[in-house]
Amino acid sequence: MNIKELLLNGQSFLALLKEFAIEAKDIIIQDEDVILGDHNLAQREIVKETICIEGKNKDGIFNFFGTLHYNILNKLAVFEMQGFEQVGMRTN
Numbered sequence: 001m002n003i004k005e006l007l008l009n010g011q012s013f014l015a016l017l018k019e020f021a022i023e024a025k026d027i028i029i030q031d032e033d034v035i036l037g038d039h040n041l042a043q044r045e046i047v048k049e050t051i052c053i054e055g056k057n058k059d060g061i062f063n064f065f066g067t068l069h070y071n072i073l074n075k076l077a078v079f080e081m082q083g084f085e086q087v088g089m090r091t092n
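Just so we're aligned, residue 1 is where the sequence shown starts under the working numbering, counting upward by one.
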């Protein structure tokens, strides 16, 4: 199960997407493959990583910066947002 799927199981992450009018299909977790490909991942119960999540809506692109708390054994993920930026404005 990937990190995006685990985050979408949490109500607080869904509320964040709703607040910015972003659909689940329009988010990308930067470096998700790198996090999941870490060979030491299996040896740690809880992973704490600084990540960027990119989301798109009708107004443009948003980057959400924060900390991912990922519990491997229980297959839980929580995103603790520290800030965001809007990097693209649609002009149509």
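You may find that some hints are simply not true.
[Stated by the list, open to error] In silico lysine-lysine, DSSO-like type, Cα no more than 27 Å apart, as pairs: (1) Lys56 / Lys75; (2) Lys75 / Lys18; (3) Lys58 / Lys18; (4) Lys4 / Lys48; (5) Lys48 / Lys18; (6) Lys48 / Lys25; (7) Lys4 / Lys75; (8) Lys4 / Lys58; (9) Lys58 / Lys75; (10) Lys25 / Lys58; (11) Lys18 / Lys4; (12) Lys56 / Lys25; (13) Lys56 / Lys4; (14) Lys4 / Lys25; (15) Lys75 / Lys25; (16) Lys56 / Lys18.
I should point out that these hints are in silico values taken from the structure, not numbers from a laboratory.
Structure-based check of all given hints:
1. Lys56 / Lys75: The hint holds at about 26 Å.
2. Lys75 / Lys18: holds, 23 Å
3. Lys58 / Lys18: holds, 13 Å
4. Lys4 / Lys48: Within the cut-off at roughly 15 Å; holds.
5. Lys48 / Lys18: It holds: about 25 Å lies between the C-alpha atoms, which stays within 27 Å.
6. Lys48 / Lys25: With Cα atoms ~24 Å apart, Lys48 and Lys25 stay inside 27 Å; holds.
7. Lys4 / Lys75: Distance ~12 Å between Lys4 and Lys75 Cα, so the pair holds.
8. Lys4 / Lys58: With a Cα-Cα distance of about 21 Å, the restraint between Lys4 and Lys58 holds, given a limit of 27 Å.
9. Lys58 / Lys75: Violated, because 32 Å separates the two Cα atoms, which is more than 27 Å.
10. Lys25 / Lys58: holds, 13 Å
11. Lys18 / Lys4: holds, 15 Å
12. Lys56 / Lys25: holds, 9 Å
13. Lys56 / Lys4: Status holds; Cα separation ~15 Å.
14. Lys4 / Lys25: Holds: Lys4 and Lys25 sit about 10 Å apart, inside 27 Å.
15. Lys75 / Lys25: Satisfied, since the Cα-Cα distance of roughly 20 Å is no more than 27 Å.
16. Lys56 / Lys18: holds, 12 Å
Against the hints set out earlier in the document, a violation occurs for number 9 only.
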